[in-house]
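**Q** Listed below, chain by chain, are the residues.
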Amino acid sequence: MISQQHHQLGPADPAGPPILQVRGLRKVFKIRSEGSRRTENLVAVDGVSFDLPPSGSLGIVGESGSGKTTVARIIAGLEQPSAGTVLVGGSPLARRRRRRRRRVQMVFQDPYSSLDPRQTILAGLDEVLRLHTKSGKSGRRARALELLHQVGLDERHENLRPRSLSGGQRQRVAIARALACGPEVLILDEAVSALDVSVQGQVLNLLAELRTQIQVAYLFVSHDLAVVQQVTDDTIVMHRGRVVEAGPTDAILTSPADDYTRRLLAAVPRPGWKPSRRADGG
Amino acid sequence: MRSVLRIIGTAAGTLLAASLVIYGALALAPGDPATELAGPRATPRLIAQIRHQYGLDRPLPVRYWSWLTGAVHGNFGISLQFRESVSALLAPRLPVTLELVAYASVIIFVFGLGLGLLPSLSARLNVLVTVTAGVGIAVPTFVAALVLVEVFALKLGWFPAVGTGTGFAGQVEHLTLPAFALAFSWAAYVAQISRASVREQQGREHVTTARGRGLPSPLVFRRHVLRNAAMPIVTVSGLTVAGLIAGSIVVETAFGIGGLGSLLVQSVSAKDNNVVLAISMILVVAFVLATTLSDLAHLALDPRIRASARS
Amino acid sequence: MSAPLLELDRLAVRLPVHGELSTVIHDASFEIAAGEALGLVGESGSGKSMTARAIMRLLPPRAEISGSVSYLGQSVPGFSRSALRDFRATQIAMIYQDPRAHINPVRTNGDFLLEAMLAQGVRPAAARERAVGLLAQVGIADGGRRLRQYPHQMSGGQLQRIMIAAALVTSPRLLLADEPTTALDVTTQAEVMAILGDLRVERGLALLFITHDLDLAAAVTDRMAVMYAGMIVEIGSSQTIHQDALHPYTVGLLRSRPKIGSRARIWVIPGRPVSAFEAGPGCVFAARCPYATGRCRTERPGLREVERQLVACHRAEELKGSVSFSAEAAISD
Amino acid sequence: MSLASVNLVTVEPASGRRRTRLDPALAGIGAVLVLLVLAAVLAPLIAPYSPDQGNILIANAPPSPAHLLGTDAVGRDIVSRLIYGARLSLLGPALIIALATTAGVTLAISAVWIGGWYDVVVSRVLDLLFAIPGLLVAIIAVAVLGTGLIAPVLALSLAYTPYIARVLRSVALRERRLAYIESVQLAGFSGWAICLRHLLPNVMPLIRAQATLAFGAALVDLAAISYLGLGVQPPTPEWGIMVSDGQASLLNGYPLESISAGFLIVVVVVLVNLLGDRFAIRAEEAG
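Protein chains in written order, with the numbering used here: chain A, 1 to 282; chain P, 1 to 311; chain U, 1 to 333; chain L, 1 to 287.
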């Protein structure tokens, strides 16, 4: 069973030990199903293991209910795993909030809720910088502007509130905020899925370019195979809580080994595409 | 089925907790009922004797338990001010309060719901209903009582200003002004809620779907607007009945009606705690009954709650 | 080609936005022949959903429309109340992006499927039989049981199938599908599209397929119209548009979606999509177009025929085949 | 990084931007309420007569230039009593709302943040309180603590706590799951900092709306307690007491005392409710 083993991904060892090591991750939710007295166990994540090298980029692909978002939330520390370990830089997630959290940051899907509506862009960045750096007020502002430039915004945006920004601009600010903590791992959970096509392209190119400039590893969670290809080196495909296939992104997209991956690829619309019916029940 | 049991269980728990709190609070109140009972010239011996006789020397939990077991059997002890059994005191008054509340409920149902649904017949009535309901809600029961007395009893002389009346017709005549005073702000509240929920449902996507399928408008209104708007209205009705019972205290005092409410006020002033306790508990039972019934009705109306109560 | 089933001629819609009427659709013209599938493609705010609502006469109160919508030669805005009800009940049906919001949550699936038939006087037993049959056609085998269940007991994919079945119970001739698969997973989307395709062929059903996904529209429609800021900027055969789009916006949109199997940097259209009332007096796309000239900013181009397609661009001929956008990541919307 | 195409960076006033404009209706309501509060505070300067001393010789006098609304059954000036009465009639509900809002906000926010069994217990207690109308709680409190301002104010504070806390809890629960709260959590801020700096300010519009609407209801309940003779005692000027005091005169054909005090209560409650509705609409727009 492929999902139970640990997937060696990426080049053998160019950049030292993996920054993120996930081993045997399992998450069980207790739910009470309809018409039944007992609580049932819903296994959302089952035996997920992978490594992410420093400055690497790993995609997690799957449909809704595949467990991909739960994996991301466990790694970020927003959920506790039922079993398994997450090592960041070789050590388990620290109990101390502040130390643990700055190492792993996350950008969420919905651009309309990812920023505090009452905070200006600069205040949001400044708050994070004040917690994590020792710089004074002017130093922090300089750093905040640097971050804004990095994500394609500038001084004109610093005093705006989120409601004056478009969806794409908000996701850029969310990325800047995450980077302000100086993370080693940046989790992007469907971070471009809610954007219009023309804006999605802008943010994808930004993410690809940021990787060449700063030392940060991406964990890119998405349902969209074409999008994953733009920003990742390696990919794992998840289905019903398990990893069904893992390997270099290009290889998975061009010659998928697993049946489910093939089905996923076949379902992507393209000219001449004939959608097929499978008695799966939806 | 399990959700029904859960709702009933919650209601029973609420009642028990409420009785404990009210009993405890009154027991801890300053003042000694035995001294009061014995009268001003009582000797310490007599007081001690009375204390023993009524079990006041026993520890609080024991007293609570014996009160509770008595209460379930309709025995609420002796009234200090009337020197008679509380149950006997309450027996003739309970129906009066019930009639008043029932009368007011009918008024609320007819006028409140009627007013609230008017705007769905003609959008032009929307402002009228909003303003009427908005002002109506702000009129306290005792102000409504006085205005009704001033206009309909004193100026027009259509109804008597005070008293209970005899015979069914006499009772209805005497209870009309009190019932309208009691119903006034609650009818306005129900009108406002039903107007708002009908309006909200009319803007829902599923109503657009129904209209887009070419269904006749009365059918869309009945099956998709009114049916869904009924759920918040039912919830509010439960609160309304609870509020009516509380309001009856004020109305009975204002009109000098001999019901439970006026007796409660009188007993609080007279520090007649057994009566206060008994009436409070009867009122709490009524509130819990009203909210429980509306919870059950809600359950029957909304399949999603039936499902989520299970999960 | 026979007379069109549906014809829109210079349809314009104005809606109250923040208290004042604002244009959301400018002069939209297209036609759909019987049995034809037309894609209506655009990003958010392009007015594609409003176009469908205008056809159904389901616009919000106080909306103003001008131009004409005609169905089999009759004016839809001119329909009397009863004619409109008849039109909606027997000729046209609509399915929506979010079936969970568009189906009454407190009524059973059976109520939803049957009510349209019962309102037309179909006997309950016959209506039930027909509903179960249709459920089977959309891939729900245990129809009898499903009829007794409530919408919240269904998955999103199942509910969209029920929506499709409910739209077809009265055998309409035209189906308006407003992003019916956007909320679904790709494998479920494939299945729902397959079902829709089969039913369409079987019944000779015409389809207006609204989507933001150009690739999907190209795959499942005969012709498509690309909308931007309330205007149709290009319309023609789906295949031709997908391969040789003429309007710079269409070209940019096609190339800003990454293609599986290619890691090449995608192109980026600068700025963000705008609504009709935010666009300037000239070409609605001028503010984002790298080829915009002074004329583009002042004079609004109308649809005109260029190489078998209709395109609303002053420079369509000279730019043909040479449109490209930068892949600059720093460009912010 | 090159910003060659910097001219394409747009800072447009995005659609749907709403500056907080001054709403004329809101300003009008606010002004009237402020005037009322001022009148209450400055009662000794404004009121033409003492509220307590009457002249029995002019009892139940009709309105005249000297006594604009006439006098009551013991010859006290009704206008002066209404002005002085505003003090307790407005102070009481203000105290109730201050206490109930403090308790309600603390309970709701802590329940949402801590969750688990604490949330269950808090919710149960709030449900229990919600099931019993404030008027009865206040009457029982008077039975225990005696008449006056303190017992009903404490009891009604308790009774209005769930009114604030229940709605707030459900909204705060939704807010807490939004991405921006989770991302400040990930940035390493403490629960305190997140609740005070992010969660609380974002649910503030709702708190304001609920508190304002509760004020009207508390005013009515407290006045009812006074009317029943269980609150502050005569001859203290208070609107509920005035309605009650005037009842005998009303039956004797002198309705002005009761009616004018009652009218004032209705006017204040209508204004406060209008204000609350505006706040509620704003809270909805913000959320």
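Misleading hints may appear alongside valid ones.
[Claimed, not checked] Label-pair distances were calculated between CB atoms; the ranges are:
1) U:Gln239 to L:Ser190: 55 to 65 Å
2) P:Tyr64 to L:Arg174: 57 to 67 Å
3) U:Asp86 to L:Thr106: 56 to 66 Å
4) A:Pro271 to U:Ser324: 38 to 48 Å
5) U:Ser155 to L:Val121: 30 to 40 Å
6) L:Leu196 to P:Leu154: 49 to 59 Å
7) P:Leu125 to L:Ala59: 44 to 54 Å
8) A:Ala142 to L:Ser190: 23 to 33 Å
[Unchecked claim] Counterexamples of contact, computed for chain U against chain A with all Cβ distances above 10 Å:
9) Arg53
10) Ala89
11) Asp185
12) Gly204
13) Gly252
14) Ser262
15) Arg272
Hints are computed from structural coordinates only; laboratory data are not their basis.
Glycine included, C-beta positions come from ideal geometry on N, C-alpha and C.
**Q** Evaluate each hint against the coordinates.
**A** Hints versus structure:
Checked against the hint of 55 to 65 Å, the pair Gln239 (chain U) and Ser190 (chain L) passes, with Cβ atoms roughly 59 Å apart. Hint check: Tyr64 (chain P) to Arg174 (chain L), Cβ distance near 41 Å, so the stated range 57 to 67 Å is violated. Separated by about 60 Å at the C-beta atoms, Asp86 (chain U) and Thr106 (chain L) satisfy the suggested range of 56 to 66 Å. Roughly 20 Å separates the CB atoms of Pro271 (chain A) and Ser324 (chain U), a value that falls outside the hinted 38 to 48 Å.
Evaluation of the 30 to 40 Å hint for Ser155 (chain U) and Val121 (chain L) yields a pass: the beta carbon distance comes to about 35 Å. As the Cβ distance of Leu196 (chain L) to Leu154 (chain P) is approximately 57 Å, the hint placing it in 49 to 59 Å holds. Separated by about 46 Å at the C-beta atoms, Leu125 (chain P) and Ala59 (chain L) satisfy the suggested range of 44 to 54 Å. For the pair Ala142 (chain A) and Ser190 (chain L), the beta carbons lie near 27 Å from each other, so the given range of 23 to 33 Å is met.
A cut-off of 10 Å between C-beta atoms confirms that Arg53 (chain U) is not in contact with chain A; the least separation is 20 Å. In this structure Ala89 (chain U) is separated from chain A by more than 10 Å, as the shortest Cβ-Cβ distance comes to about 28 Å. Non-interface status of Asp185 (chain U) relative to chain A is broken: a Cβ of that chain comes within 10 Å, the nearest being about 4 Å off. Every C-beta of chain A lies more than 10 Å from that of Gly204 (chain U), the closest at about 19 Å, which supports listing it as non-interface.
Taking the minimum C-beta to C-beta distance to chain A, about 7 Å, the non-interface status of Gly252 (chain U) is violated against the 10 Å cut. For Ser262 (chain U), the shortest C-beta to C-beta distance to chain A comes to about 8 Å, within the 10 Å cut-off, and the non-interface label is violated. Interface exclusion of Arg272 (chain U) from chain A breaks down, the closest Cβ pair being 4 Å apart, not more than 10 Å.
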